[in-house]
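There are 2 protein chains.
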Amino acid sequence: MKTSLDPNTWAVPSPVWVVGTYDKDNKPNVMTAAWGGICNSRPPSIYVSHREATYSHGNIMDRKAYTVSIPGDEYIKEADYIGIASGKDTNKLEDTGLTAVKSDLVDAPYVEEFPLILECRVVKVDKLGLHTMFVGEIVGIKADSKALTDGRPDLQKIKPILFSSGDRGYHSVGSRLADAFTQRNPLK
Amino acid sequence: MKTSLDPNTWAVPSPVWVVGTYDKDNKPNVMTAAWGGICNSRPPSIYVSHREATYSHGNIMDRKAYTVSIPGDEYIKEADYIGIASGKDTNKLEDTGLTAVKSDLVDAPYVEEFPLILECRVVKVDKLGLHTMFVGEIVGIKADSKALTDGRPDLQKIKPILFSSGDRGYHSVGSRLADAFTQRNPLK
Chain H
1 MKTSLDPNTW
11 AVPSPVWVVG
21 TYDKDNKPNV
31 MTAAWGGICN
41 SRPPSIYVSH
51 REATYSHGNI
61 MDRKAYTVSI
71 PGDEYIKEAD
81 YIGIASGKDT
91 NKLEDTGLTA
101 VKSDLVDAPY
111 VEEFPLILEC
121 RVVKVDKLGL
131 HTMFVGEIVG
141 IKADSKALTD
151 GRPDLQKIKP
161 ILFSSGDRGY
171 HSVGSRLADA
181 FTQRNPLK
Chain R
1 MKTSLDPNTW
11 AVPSPVWVVG
21 TYDKDNKPNV
31 MTAAWGGICN
41 SRPPSIYVSH
51 REATYSHGNI
61 MDRKAYTVSI
71 PGDEYIKEAD
81 YIGIASGKDT
91 NKLEDTGLTA
101 VKSDLVDAPY
111 VEEFPLILEC
121 RVVKVDKLGL
131 HTMFVGEIVG
141 IKADSKALTD
151 GRPDLQKIKP
161 ILFSSGDRGY
171 HSVGSRLADA
181 FTQRNPLK
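As they're listed, the protein sequences go chains H and R.
In this text, residue positions in the first sequence follow the numbering used here: the first is 1, and each later residue adds one.
In this text, residue positions in the second sequence follow the numbering used here: the first is 1, and each later residue adds one.
If you're looking for bench data, these hints aren't it; they were derived computationally from the structure.
Keep in mind that the hints are not guaranteed to be accurate.
It does not matter which identical chain is used: a pair holds within one copy or between any two.
[To be verified] Calculated cross-link-like contacts (lysine-lysine; reagent style DSS-like; alpha-carbon spacing at most 25 Å):
#: 1; residue 1: K188; residue 2: K102
#: 2; residue 1: K124; residue 2: K24
#: 3; residue 1: K77; residue 2: K2
#: 4; residue 1: K2; residue 2: K124
#: 5; residue 1: K77; residue 2: K157
#: 6; residue 1: K102; residue 2: K146
#: 7; residue 1: K159; residue 2: K77
#: 8; residue 1: K24; residue 2: K127
#: 9; residue 1: K77; residue 2: K88
#: 10; residue 1: K77; residue 2: K102
#: 11; residue 1: K124; residue 2: K64
Because the structure is a prediction, the values reported are computed rather than measured.
If we strip away everything but chain H, and leave its shape as in the complex, we get:
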């Protein structure tokens, strides 16, 4: 027997991604997004959603590009601050001591200290309501070599942060449970 709850954004887990953009004066800005994910395999694409009131929203509309820098969980305070402060009021890179690097592939900066970066060209903009969804084709990936196993990103080495809207908390990743795509036979 299940309890019925009113509609809310209570799916789990959500990522903690730091979205990098340039403003009209070429000042780099960063914004933490928990509304993001992979949405297409070919071409490989992700999305992030921002409220129209945010500085990042305007930057992405102007430049049609963004990066996603994925912090390891040692950067939880930086990620939380970046999600609260606005680039309209302050320089969040200076405030956190993080380093913006210009992508060589898209018109946006990424965070040098974070282990995995996705460089995206905006291919679709959808105003869904409070949030606008920006679908970005991944045109390049940058990674720290210590985040890779056999040349591929390894979640256990990246240790990304998880967000849960229902409990308004950040959570860590645990252990590797199993290889995917192995249970080829019915269980019953």
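Put chain R on the given structure of chain H with help from the hints.
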């Protein structure tokens, strides 16, 4: 100094969500999706992406509804099987011993054994490439009482599975690290 990698779906983390639909004969079907996430806060909305070749794709196009049932990590084998087999060939609920329950809010079934359910009405369909993105407004949530703290879903009680495309693995959640929205001051 970072290594450049070719474009791929190597963001982390991805969810492991089981999407419930009805086919044209009212047979319930389930399909595991790792391409999914929250995309809008008002109205609260999620998306899942499916390849056009999948049985679920046709079901959602016909019924304009789906549910997302979020398994705890004790159901990792069931979730993996449901992501491999096709409802065109078999009844995946019978094959896993899981129970389909008709939603009272949308024209789709959910999985009774899983702790958190999102009931969605399709509001947007976008063919992005190999995958089609189905944006769904969350019109209701069903949860086991043991998955809730103060009436809200608690990630530590749900223990959802994480998927990582880069290492093709499933991972568990770890511990709760911090409350979100607390770091209101610059760190430097």
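One pair to classify: K2 and K124, alpha carbons no more than 25 Å apart. Within, between, both, or neither? neither (38 Å within a copy, 28 Å between copies)
Is it within, between, both or neither when you check K124 against K24 at 25 Å Cα-Cα? within (21 Å within a copy, 32 Å between copies)
Please work out whether the CA atoms of K77 and K102 approach to 25 Å or closer within one copy, between two copies, in both situations, or in neither? within (23 Å within a copy, 43 Å between copies)
Intra- versus inter-subunit Cα pairing at 25 Å for K77 with K88: For K77 and K88, only the intra-copy Cα distance (20 Å) is at most 25 Å; the inter-copy one is 47 Å.
Is it within, between, both, or neither for K77 and K157, if the alpha carbons may be no more than 25 Å apart? both (19 Å within a copy, 24 Å between copies)
Homomeric proximity label, K124 with K64: Cα distance no greater than 25 Å: For K124 and K64, the Cα distance is within 25 Å both inside one copy (9 Å) and across copies (22 Å).
With identical chains, the pair K24 and K127 could be close in the same copy or across copies; at 25 Å between alpha carbons, which is it: within, between, both, or neither? within (22 Å within a copy, 32 Å between copies)
With 25 Å as the alpha-carbon cut-off, assign the pair K77 and K2 to within, between, both or neither. Classified as between: cross-chain Cα gap 23 Å, same-chain 36 Å, threshold 25 Å.
What label fits K102 with K146 when the C-alpha limit is 25 Å: within, between, both, or neither? within (21 Å within a copy, 47 Å between copies)
Can you tell me if K159 and K77 fall within 25 Å by alpha carbon in one copy, between copies, both or neither? For K159 and K77, both the intra-copy (15 Å) and inter-copy (23 Å) Cα distances are at most 25 Å.
Evaluate K188 and K102 at a C-alpha cut-off of 25 Å and name the case that applies: within, between, both or neither. between (53 Å within a copy, 22 Å between copies)
Going down the numbered hints, you'll see the structure goes against just number 4.
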